[in-house]
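S.K.: These protein sequences, in sequence, are chains A and B.
Each step along the first sequence adds one to the number in the numbering used here, with nothing skipped, and position 379 is 379.
Each step along the second sequence adds one to the number in the numbering used here, with nothing skipped, and position 95 is 95.
Keep in mind that the hints were calculated from the coordinates and are not lab data.
We put the beta carbon where it would ideally sit given N, CA and C, even for glycine.
Be careful, since some hints might not be right.
[To be verified] Which bits of chain B does chain A cover? Going by a derived footprint, with three or more residues having C-beta under 8 Å, they are:
| id | segment |
| --- | --- |
| 1 | 6-14 |
| 2 | 25-32 |
| 3 | 37-46 |
| 4 | 104-113 |
| 5 | 150-160 |
[Unchecked claim] List of simulated lysine-lysine pairs, PhoX-like, C-alpha gap at most 25 Å:
| id | chain 1 | residue 1 | chain 2 | residue 2 |
| --- | --- | --- | --- | --- |
| 6 | B | LYS115 | A | LYS283 |
| 7 | A | LYS410 | A | LYS283 |
| 8 | A | LYS263 | B | LYS115 |
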Amino acid sequence: MLGTDRPDPFEDRLSAALRDAGDDFQADRAALVSAGRVRGRRALLRRRTAVVGGVAGVALAGVGGALVLPADDPAGHDRAGAASAGTPKSTATAAATVFTGDDLLRELKGLLPRGTYGEESARASDHQLGPAARLVYDDGAGAAAIGMGFARVEPGSAQVRELTACPDHNVTPYDDCTSDRLPDGSTLRLYQGYEYPDLRVDTKLWTADLVTADGQHVSVSEWNSPAEKDAPVSRDEPPLSTERLRELVTAGVWREVVDAIPKSPKPPRSTAPRTERPEVSGKSVGDTLAGLLPEGLGVVTRGGQESEYAYLVVDDGRGRSLLQVNVQYGMADGAGQAYAGGEILPDGTRIVTRQEPGEKAGSGVLMWTVDTLRPGPAGFRVVISAFNTGDQNKDATRDAPALTMEQLRKIALSTEWDRLR
Amino acid sequence: MRQGRADEYAEFAVARAGHLYRSACLLTAGDTHLAEDLVQETFGRLYVRWGRVSRAENPAAYAQTVLTRAFLAHQRRRSSGERATDVFPDLPGAGDGDASLRLTLLDALARLPAKDRAVVVLRYWDDRSVEQTADVLGVSSAAVRTRCSRALGRLRDLLGEDLSEYARP
Numbered sequence: 001m002l003g004t005d006r007p008d009p010f011e012d013r014l015s016a017a018l019r020d021a022g023d024d025f026q027a028d029r030a031a032l033v034s035a036g037r038v039r040g041r042r043a044l045l046r047r048r049t050a051v052v053g054g055v056a057g058v059a060l061a062g063v064g065g066a067l068v069l070p071a072d073d074p075a076g077h078d079r080a081g082a083a084s085a086g087t088p089k090s091t092a093t094a095a096a097t098v099f100t101g102d103d104l105l106r107e108l109k110g111l112l113p114r115g116t117y118g119e120e121s122a123r124a125s126d127h128q129l130g131p132a133a134r135l136v137y138d139d140g141a142g143a144a145a146i147g148m149g150f151a152r153v154e155p156g157s158a159q160v161r162e163l164t165a166c167p168d169h170n171v172t173p174y175d176d177c178t179s180d181r182l183p184d185g186s187t188l189r190l191y192q193g194y195e196y197p198d199l200r201v202d203t204k205l206w207t208a209d210l211v212t213a214d215g216q217h218v219s220v221s222e223w224n225s226p227a228e229k230d231a232p233v234s235r236d237e238p239p240l241s242t243e244r245l246r247e248l249v250t251a252g253v254w255r256e257v258v259d260a261i262p263k264s265p266k267p268p269r270s271t272a273p274r275t276e277r278p279e280v281s282g283k284s285v286g287d288t289l290a291g292l293l294p295e296g297l298g299v300v301t302r303g304g305q306e307s308e309y310a311y312l313v314v315d316d317g318r319g320r321s322l323l324q325v326n327v328q329y330g331m332a333d334g335a336g337q338a339y340a341g342g343e344i345l346p347d348g349t350r351i352v353t354r355q356e357p358g359e360k361a362g363s364g365v366l367m368w369t370v371d372t373l374r375p376g377p378a379g380f381r382v383v384i385s386a387f388n389t390g391d392q393n394k395d396a397t398r399d400a401p402a403l404t405m406e407q408l409r410k411i412a413l414s415t416e417w418d419r420l421r
Numbered sequence: 001m002r003q004g005r006a007d008e009y010a011e012f013a014v015a016r017a018g019h020l021y022r023s024a025c026l027l028t029a030g031d032t033h034l035a036e037d038l039v040q041e042t043f044g045r046l047y048v049r050w051g052r053v054s055r056a057e058n059p060a061a062y063a064q065t066v067l068t069r070a071f072l073a074h075q076r077r078r079s080s081g082e083r084a085t086d087v088f089p090d091l092p093g094a095g096d097g098d099a100s101l102r103l104t105l106l107d108a109l110a111r112l113p114a115k116d117r118a119v120v121v122l123r124y125w126d127d128r129s130v131e132q133t134a135d136v137l138g139v140s141s142a143a144v145r146t147r148c149s150r151a152l153g154r155l156r157d158l159l160g161e162d163l164s165e166y167a168r169p
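Isolated chain A (complex conformation):
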């Protein structure tokens, strides 16, 4: 990989670190291959038995769900029929209209100001990966990539909030972002930011995301460059103003495109009931932490993510101290190494503590961590870390974090967290 692919040096370093970490895992390749072959043969046997049932298309049906060829794979064109073969065709909800890729491109061009077009590509509304359209547009001031995507989302879900909320400025730098409720009940986020979070290259990325009350999601992205990455900046700003973006994304035709996405594009999985456990909301994590603080600690500021993570900066009168908490599910399987050498409480909760130097730029920064995993298959994990500074990037402002290890442990083991389960 060339360093120039990723002007953010952290991304390059992460790639290198992942490669090194990955290289340390040595596989017994022959064993993996032969075990895989056995599984494949068994699956074929099961499938041949199933074919007796008589649906011709079954021959290409997947074991345990549809597996889609990469979008650029020419062999993929006929896969839609194969993928839905797990159930009789008639049960698939037929969409009223199909928008072809050409339809989408034509509609898009009809909504753009006069200009020239190139590098057009699109996926139809019944494509397994969902409809999409991309082109390079030039209004005379420089070629710029424009992309559109469409999806159906669950109204009121965390996913919708994630799509329509402006990001935390501390996490993602950007120039402008608004998120507004429209008169028809839709939410529209207009965002002006950058392709690269560290602004190393001035490729701007402006987006508009519309989510209607019915869960129709339409997104438009535009760049001031003919490609999202690895192409030089061709103009100061992307071609469509915020107002133009708003007009484009709210055009009525796009809602019809979302409605044309087949209702069940994927066959039901063999493991039938898929009741996904919702992620723990970041706000409830922050609220719970705030409620568990010892007396005498004032909360200076707080923040976090949509889900699983929150931080508080507290002050006990002797300086600021950053506290951060992660609350996650599904950590049981991956957690062996994290709790090795730790303690196991009588109820089966695993706990490990660490007192180590902070890993960010600030000097003299200490990071004290209590990491807990509740027993049971859900893999419910609560991790809390405290710092002797209010900002990990800045130098230590006090000798020790505002909470002792004993206090951190008490917070991490509190039954209050179980209310979030």
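Fit chain B to the given chain A structure using the hints.
M.R.: Same frame as chain A, but now just chain B:
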């Protein structure tokens, strides 16, 4: 499977097994047992559809896609409580790198939600573009960007800006 095809499959599988296993180890944040299971599952699926896979433009990328989806499907099943086992895997065998630093990296990965971890592995281990990553995960590019920038922010927080200590000189 005809002999010619079977040979071709075996050759492909042996050639890709190491990479797929390492990917799986990163996806599972060091759970080597689960990683083996996912790779076997992947090979099983490839075996079943080998005729089609072998004609794909990039069978290796296809295999990675199958692996990633098998991982996410596993996470979904597990989070819905269908799996009653409570497995604590052994420590992965120490390699020649600094094991504690690697564990810190794996621990940081383990703190990411499964889909965010998949985004990181696809983007920074497997060198996929945002678009390709979106296709593998079946989500929009915007969603990949959101997850990616969130995951990078978290990894920066957990590991520090300067990752050089995690990479071998």
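S.K.: If a hint holds in the structure, say so; if it doesn't, say that too.
M.R.: Outcome of the hint check:
Residues of the segment 6-14 of chain B with a Cβ under 8 Å from some Cβ of chain A number 4, which satisfies the need for three, so the listed coverage holds. Counting residues of the segment 25-32 of chain B whose beta carbon lies closer than 8 Å to any beta carbon of chain A gives 7, which meets the minimum of three for the stated coverage. Counting residues of the segment 37-46 of chain B whose C-beta lies closer than 8 Å to any C-beta of chain A gives 8; at least three are required, and the coverage claim holds. Only residues whose C-beta sits within less than 8 Å of a C-beta in chain A count toward coverage, and the segment 104-113 of chain B has 6 of them, enough to reach three; the restraint holds.
Residues of the segment 150-160 of chain B lying with their CB closer than 8 Å to a CB of chain A number 10, which satisfies the three-residue condition for coverage. The hinted pair formed by LYS115 (chain B) and LYS283 (chain A) meets the criterion: a straight-line CA distance of about 20 Å does not exceed 25 Å. With a C-alpha separation of about 21 Å, the suggested pairing of LYS410 (chain A) with LYS283 (chain A) holds against the 25 Å cut-off. This hinted pair checks out: LYS263 (chain A) and LYS115 (chain B) have alpha carbons roughly 23 Å apart, not beyond 25 Å.
The structure is consistent with each of the numbered hints, conforming to all of them.
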